[in-house]
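Visitor: Chain by chain, the residues run as shown.
Number of protein chains: 2
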Amino acid sequence: MFSRETYIHRRQVLKKAVGSGLIIFPGNEEVGMNYRDNIYHFRQDSSFLYYSGIDRPSLFLLIDVDADIEILFGDDLTIEQTVWTGPQESLAISAEKSGITAVQPFSFAEAIIKNALQQKKALHFLPPYRSAITLKLSSWLEINPSLLAANASVVLSKAIVAQRSYKTNEEVAEIEKAVDITAAMHLKAIQTARPGMAEYEVAAQVESTATSLGGHLAFPTILTVNGQYLHNHAGANILQEGQLVLCDSGAENCMHYAGDMTRTFPVSSTFTTQQKEIYNIVLQAEEAAIATLKPGTLFKNSHLTACKEILTGLKSLGLVKGDLDEAVAAGAHTLFFQCGLGHMMGMDVHDMENIGEEYIGYTDTLKKSTEFGLKSLRLGKELEEGFVLTVEPGIYFIPELIDQWQAEKKYSEFINYDKVQAYRNFGGIRIEEDFLITNDAYRLLGKPLAKTAEDIETLRSY
Amino acid sequence: MFSRETYIHRRQVLKKAVGSGLIIFPGNEEVGMNYRDNIYHFRQDSSFLYYSGIDRPSLFLLIDVDADIEILFGDDLTIEQTVWTGPQESLAISAEKSGITAVQPFSFAEAIIKNALQQKKALHFLPPYRSAITLKLSSWLEINPSLLAANASVVLSKAIVAQRSYKTNEEVAEIEKAVDITAAMHLKAIQTARPGMAEYEVAAQVESTATSLGGHLAFPTILTVNGQYLHNHAGANILQEGQLVLCDSGAENCMHYAGDMTRTFPVSSTFTTQQKEIYNIVLQAEEAAIATLKPGTLFKNSHLTACKEILTGLKSLGLVKGDLDEAVAAGAHTLFFQCGLGHMMGMDVHDMENIGEEYIGYTDTLKKSTEFGLKSLRLGKELEEGFVLTVEPGIYFIPELIDQWQAEKKYSEFINYDKVQAYRNFGGIRIEEDFLITNDAYRLLGKPLAKTAEDIETLRSY
Chain A
1348 MFSRETYIHR RQVLKKAVGS GLIIFPGNEE VGMNYRDNIY HFRQDSSFLY
1398 YSGIDRPSLF LLIDVDADIE ILFGDDLTIE QTVWTGPQES LAISAEKSGI
1448 TAVQPFSFAE AIIKNALQQK KALHFLPPYR SAITLKLSSW LEINPSLLAA
1498 NASVVLSKAI VAQRSYKTNE EVAEIEKAVD ITAAMHLKAI QTARPGMAEY
1548 EVAAQVESTA TSLGGHLAFP TILTVNGQYL HNHAGANILQ EGQLVLCDSG
1598 AENCMHYAGD MTRTFPVSST FTTQQKEIYN IVLQAEEAAI ATLKPGTLFK
1648 NSHLTACKEI LTGLKSLGLV KGDLDEAVAA GAHTLFFQCG LGHMMGMDVH
1698 DMENIGEEYI GYTDTLKKST EFGLKSLRLG KELEEGFVLT VEPGIYFIPE
1748 LIDQWQAEKK YSEFINYDKV QAYRNFGGIR IEEDFLITND AYRLLGKPLA
1798 KTAEDIETLR SY
Chain B
1348 MFSRETYIHR RQVLKKAVGS GLIIFPGNEE VGMNYRDNIY HFRQDSSFLY
1398 YSGIDRPSLF LLIDVDADIE ILFGDDLTIE QTVWTGPQES LAISAEKSGI
1448 TAVQPFSFAE AIIKNALQQK KALHFLPPYR SAITLKLSSW LEINPSLLAA
1498 NASVVLSKAI VAQRSYKTNE EVAEIEKAVD ITAAMHLKAI QTARPGMAEY
1548 EVAAQVESTA TSLGGHLAFP TILTVNGQYL HNHAGANILQ EGQLVLCDSG
1598 AENCMHYAGD MTRTFPVSST FTTQQKEIYN IVLQAEEAAI ATLKPGTLFK
1648 NSHLTACKEI LTGLKSLGLV KGDLDEAVAA GAHTLFFQCG LGHMMGMDVH
1698 DMENIGEEYI GYTDTLKKST EFGLKSLRLG KELEEGFVLT VEPGIYFIPE
1748 LIDQWQAEKK YSEFINYDKV QAYRNFGGIR IEEDFLITND AYRLLGKPLA
1798 KTAEDIETLR SY
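Listed in order, the protein sequences are those of chains A and B. Heads up, the first sequence is in the working numbering, so the first residue is 1348 and it goes up one at a time. Heads up, the second sequence is in the working numbering, so the first residue is 1348 and it goes up one at a time.
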């Protein structure tokens, strides 16, 4: 946990921003995998953590802005529960550590909410993403489950985004710990993957690196010889000479701050010439995008910078033709780069995504595009000091997409489909790192990890 | 998957047992950890898997018993989804592999359910354990979420238990694969744990053994120097010379059959004399319980056999006194052995626990006890050929429980509390293996793993 003052301060800022009414933060519940008591590892809701620091299930935090009262609802263990779980810090002590002075039994929460409803007080809550919270809020607030998201508080959403978007020094320190664990995971993958191993065998090494360093996975590991599919999770394919391995993985540290990196490396000890050519285009796109990072840059433009670099490189190989500014404007790059350049990162690997990308990545005046490609750009708005984000361009040869668009003659003024078809079994390459926006530019987070094709090959020599 | 005939046969048996009406199996959905798209690893519902073999989210299986119609509701990927996930087998092909001939879009399911409701057809469903399923069933069936469990079908529950309780040879073969992975996990823990390591570092080795062999964890790993707390998960304690490590972990294989074993070993290379004395009592209790395994044995009696062995051993050490049959009948053993001897195991590590222990572990005439200790015995009924179960006695010195009961003078006619206090920092020991009930006795599942204190010490010599 951070200091008590940190949490008190965060809640004070929040109360001031929300202005009046009741703010309700339901903590997350345990989720059964195949029956109620066989649970997934517990993950607390990030906003609950941000404002309370308390990392255990079945809690409910209520902040009465008008009365300036904060109550944590939850139950201590009975002795019979202690037999199963071991003793646990009392809730009163946990609450005290974050400056919350009132603790009440969980069963008291509903009556307080119902009472506030009767008194027509404003009740501020975030859109739920867990069905258990949907059920609880629906019952307590007497709102149909399908209408909860529409009734979520815009004031609260904006207030939280306005706080959590700006990482303090102590938060950046935690993120760097997570990024360092993340780099160790990638180093392990690059050093241990061998022809003949299954994807899941390498993924097991990546994941145990995270857990043996006291972390957890920040998101499901992508470790695949089919890197052209963007979120293709580790499977049973056997690594074969000549293939590429794309590993997109990351840890969250014990404070639940995330790291998120991608490296792509050859199953053989060296890249082929064709692989190295595409690799260097992705690297050049990443470096060009990184160079744009500073307060005031529209991240949408950083994205488009990377798109143009990708087309420039591919034009030099003959896959692309025509005017590249026109090609980017038309969206021709989306045959190769179908997604976004990056996203905010913090306590969530896609930070605050549960609150809504319209607040995190865009503004009232800059709305997200609905076009293929740009609609997957999670962050478009102007960068500010304190933002933490990923930069992760890639080139992906997706046979299904190539075939469909070639048949449709889509972007045929910009794409040499015959040349592209020669790459249909190429796979995909992505390079990803994490950055802090500083007062005048950016800072790479975590210890640097091999990134050039040559440095990757050095690690792959065996 | 098993053969198409296997799934067709299973559904035929089920339809016959249920007799009439509609059987509805909602498959499991993805669950977001900290936002909707950042998902836990997917775990299909076991009954859905048992009757369909289809291991992917967002499906719904409907069996109209009267019309003898089976429909799988679900949606194939769009090309845009393929960009993210890679191509997936079409649902029609998946369904065909388990002999289901009708596939319809997911959105069609609700109307068919509503129509059946209007026609007052019997709708058979299992009690939900995932909130997403609760929400869906509540909406479709127009039943308040809190009343769904009470409206679950007893006929369906009993019919499923009557099938899934008896493991076929092909199921036993899958379970043995899972148990072999499980044994490898334990061997890894015993061979790699060293003084100075954190619990989570050893757990990381255990878990990566499961995943590198193509499995997943069947349940959250218990790996702790505080084995006295029964389900105390891997934490950050540092292993110290003189302590015991209790590891209760298991894999499920790619077919989602589970293994579940426990070993307890010393952090030092050898047990202390005191540790070995208690270890041998637990081992003797396990062997005595195993010797009772055969068709016709009431498993509750196997449990009580182990309880008496534990008291017999502890009496020889002076911790227990008096008549031991009376002590077991009174429940005095529950100071040391607070839980049950074992449970059914199959596609769920506590097999079918979501359906209800009153059906899986007990009968209309043999009800589960409500007493401390026996109320945690998940399996009490008569054993039959084809059952697969765990045997897992233990001795746990729980300081909180010892202090409370000593203060209450509870069981003081049987317990020498002064002697027991000398063990208050001892920890806990459990030994667990998995068994198939055969036509006349039992068979240990999986390759044998070191179990005697001497064999464990041989593995610990470093």
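Keep in mind that the hints are not guaranteed to be accurate.
As the list claims (entries may be wrong) - Just a sample of chain A residues kept apart from chain B, beta carbon distances all over 10 Å, derived:
#	residue
1	1365
2	1390
3	1541
Claimed, not checked - Lysine-lysine pairs mimicking DSS-like chemistry, simulated, CA-CA at most 25 Å apart:
#	chain 1	residue 1	chain 2	residue 2
4	A	1535	B	1467
5	B	1505	B	1722
6	B	1467	B	1444
7	B	1715	B	1505
8	A	1483	B	1798
9	A	1668	A	1757
As the list claims (entries may be wrong) - One-sided and incomplete, this derived list gives chain A residues near chain B with beta-carbon spacing under 10 Å:
#	residue
10	1376
11	1488
12	1490
13	1543
14	1545
15	1556
16	1577
17	1587
18	1589
19	1590
20	1676
21	1699
22	1700
23	1706
24	1710
Read the hints as simulated data drawn from the structure, not as lab findings. Values in this document were obtained by computation on a predicted structure and should not be read as measured data. Glycine included, each C-beta is placed from N, C-alpha and C at the ideal position.
Visitor: Each hint needs a verdict: does it hold in this structure or not?
Guide: Hint by hint, here is what the structure shows:
no.	hint	verdict
1	1365	holds (21 Å)
2	1390	violated (4 Å)
3	1541	holds (13 Å)
4	A:1535 <-> B:1467	violated (60 Å)
5	B:1505 <-> B:1722	holds (21 Å)
6	B:1467 <-> B:1444	violated (32 Å)
7	B:1715 <-> B:1505	holds (17 Å)
8	A:1483 <-> B:1798	violated (47 Å)
9	A:1668 <-> A:1757	holds (14 Å)
10	1376	holds (8 Å)
11	1488	violated (14 Å)
12	1490	violated (13 Å)
13	1543	violated (13 Å)
14	1545	holds (7 Å)
15	1556	holds (8 Å)
16	1577	holds (5 Å)
17	1587	violated (17 Å)
18	1589	violated (19 Å)
19	1590	violated (15 Å)
20	1676	violated (21 Å)
21	1699	holds (8 Å)
22	1700	holds (4 Å)
23	1706	violated (13 Å)
24	1710	violated (20 Å)
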